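Enquirer: If you want the building blocks of each chain, they are given just below.
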Amino acid sequence: MVAAAISDAVKAQFPGAAIDIAHVDHAFDIDGAELKVLDDVSLIVEPGEFVALLGPSGCGKSTLLRLIAGLDRPRSGSLREDDIGIKGPHPSRVVVFQDPTLFPWRTVWDNVALGLEAQGILKKQRHRVDAALDLVGLTDFRNAYPHQLSGGMAQRVALARALVNDPKVLVLDEPLGKLDSLTRIAMQAELVALWQRKGFTTLLVTHDVEEALVLANRVIVLSDRPARIKADILVDRPYPRHRGDPHLADLRRQILGLLGLEATW
Amino acid sequence: MSTFSLSDVATGEAERGSALAGKLREAAPGLAAALAWAAFGASCLVREDVGDWSRTTDLAISAFVIAALILVAGVAASHLGRVGAAVRKRSPWLIALGVFLSLWELATAKFAWLPLPFFPPPQAIIEVYTDDLPKLLDSVFASVKLQLGGYVIGASIGFVTGVSIGWSTRIGYWVHPVLRFIGPVPATAWLPIAFFTFPTSWSASTFLIALATGFPVTVLTWSGVASVSSAYYDVARTLGAKPSFLVLRVAIPAALPHVFVGLFMGLGASFAVLVIAEMIGVKAGLGWYLQWAQGWAAYANMYAALLVMSLLCSGAITLLFKTRDRVLVWQKGVVKW
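Those protein sequences? They're chains S and X, same order as listed. Each residue of the first sequence is one higher than the last, beginning at 1 in my numbering. Each residue of the second sequence is one higher than the last, beginning at 1 in my numbering.
The hints are simulated quantities; they were obtained by calculation from the structure and are not laboratory data. Predicted, not measured: the structure shown is a model, and the values here were computed from it.
Each computed PhoX-like pair below joins lysine-lysine, with the alpha-carbon atoms no more than 25 Å apart:
1. K242/X - K87/S
2. K242/X - K124/S
3. K123/S - K242/X
4. K283/X - K145/X
Short derived list, chain X residues pointing at chain S, Cβ under 10 Å:
5. S229
6. T238
7. A241
8. L256
9. L328
10. V329
11. W330
All C-beta atoms in this analysis are idealised placements derived from N, C-alpha and C, irrespective of residue type, glycine included.
This is chain S alone, in the form it adopts within the complex (with noise of 0.2 Å):
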């Protein structure tokens, strides 16, 4: 009775979808041979969650999270929203990549309403374009194109495309891998403030222990490929959290310690 209750209002108090990947197993085909990248996948992700996939270069972080947009099927094991199996990419759950692919051919404004104008409904809806714009401060820059934009104006561009939509979950493949460490912080902080006013769910990928310790709720240790869960870490630290933090620091050397990196602490 009381965990329902408490369920309910946290349903009510957050917008973020639940994810649930059941026994995922999925693997390419190079040239005949089968390269197995997710091994017995198994993951529940709580609605509002702000969860970090963390793991070596190239062990299947990106495959895992182009399973949960839906952009690919896996080979065996399931994955739902909110209990509906995901069977194709939807609206609900918006991808922000590595690289901010804007499409160069249209300015920023032109570039945030994408989502809205593929969906129909931007004739009613221009506001949300405006509001999302003003949300990552790129408001002078409707008219850009571009090529006209610093990496990290693109970034947010790519961002503000995502949230204009109003996702239940927001995707996030290393979406600040290519900036410098300047813009890095100053969007991390970006990231946490959005993800705390608008309550979405996040799943981040990244390879940055440090990153995944000041943004996630929940950190999970993937193992070389084929990717299996190695470890489930609660990040219970307020925020905005600092990086000196000395629980971050010993959560930070736990995690490298999995990752076979203690020697370099």
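Mind docking chain X on chain S? Use the hints.
Expert: Just chain X now, kept in the frame of chain S:
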């Protein structure tokens, strides 16, 4: 404009000298250009023409008027704003043109160093423009009509075909072999067949021009669509895009830079077909005019028509590039025509 007070005169003497030299240096190209055109005018009058041309004096007067205009523009360039700057920028070309025209005049009309009638003097060509204008305009109109019709049909079909085979592997399966079989054959090779299978020579020529345009447009549109990064489709799909959106709003805009290369190549190929079709089958147009002029040994008419043709072709390409610059304004560093 500088103003001098009396007290400046003594100290300013040397400065004024150097300022004057600077002004002269600035105006020198304009002066030289005016001189070159005046020389052209003089070359028209230097002695009697070796042949019978009626526009020699008119040409000389025109050349002197142009020389005077260049002189005014060159000297007063700083007061004429954009016109002055344009003339100043082009003075080297104006000099070269004046010199070329003078030599041409002397080599043909005055001393006949170049054999007549194969090398007519400038006044003979002017005579064509003044005396044979209606026929020339009719030809221009016929050529433009034929070219435009064939080009628009060919470009449209090529574009649709290119998008289709770039997008759908099933359509590609059927169209690709046909394209490989027919496309590389020069469109002019179809000429004999086209002229007896089509009801009119006009429809046959339209078909040939469309064919010449269609092949490069198809191939480049196709390669443009095929080379669109899959990341764009991923982004659009996660945002809720349906297949029609992916084609119209992702594949086609992304492929447009390639499409314009195809349109450019198609334009060049279709000019060749146009002229040949007009020379062989169609009884109108600049190609026909050239052929007709050759039949009458009217060489001045040929040069006149050739000049008009080059202006038209160059104009068409300029128009295409202007359109491209407007449509692809989002691109960086496009080639300026």
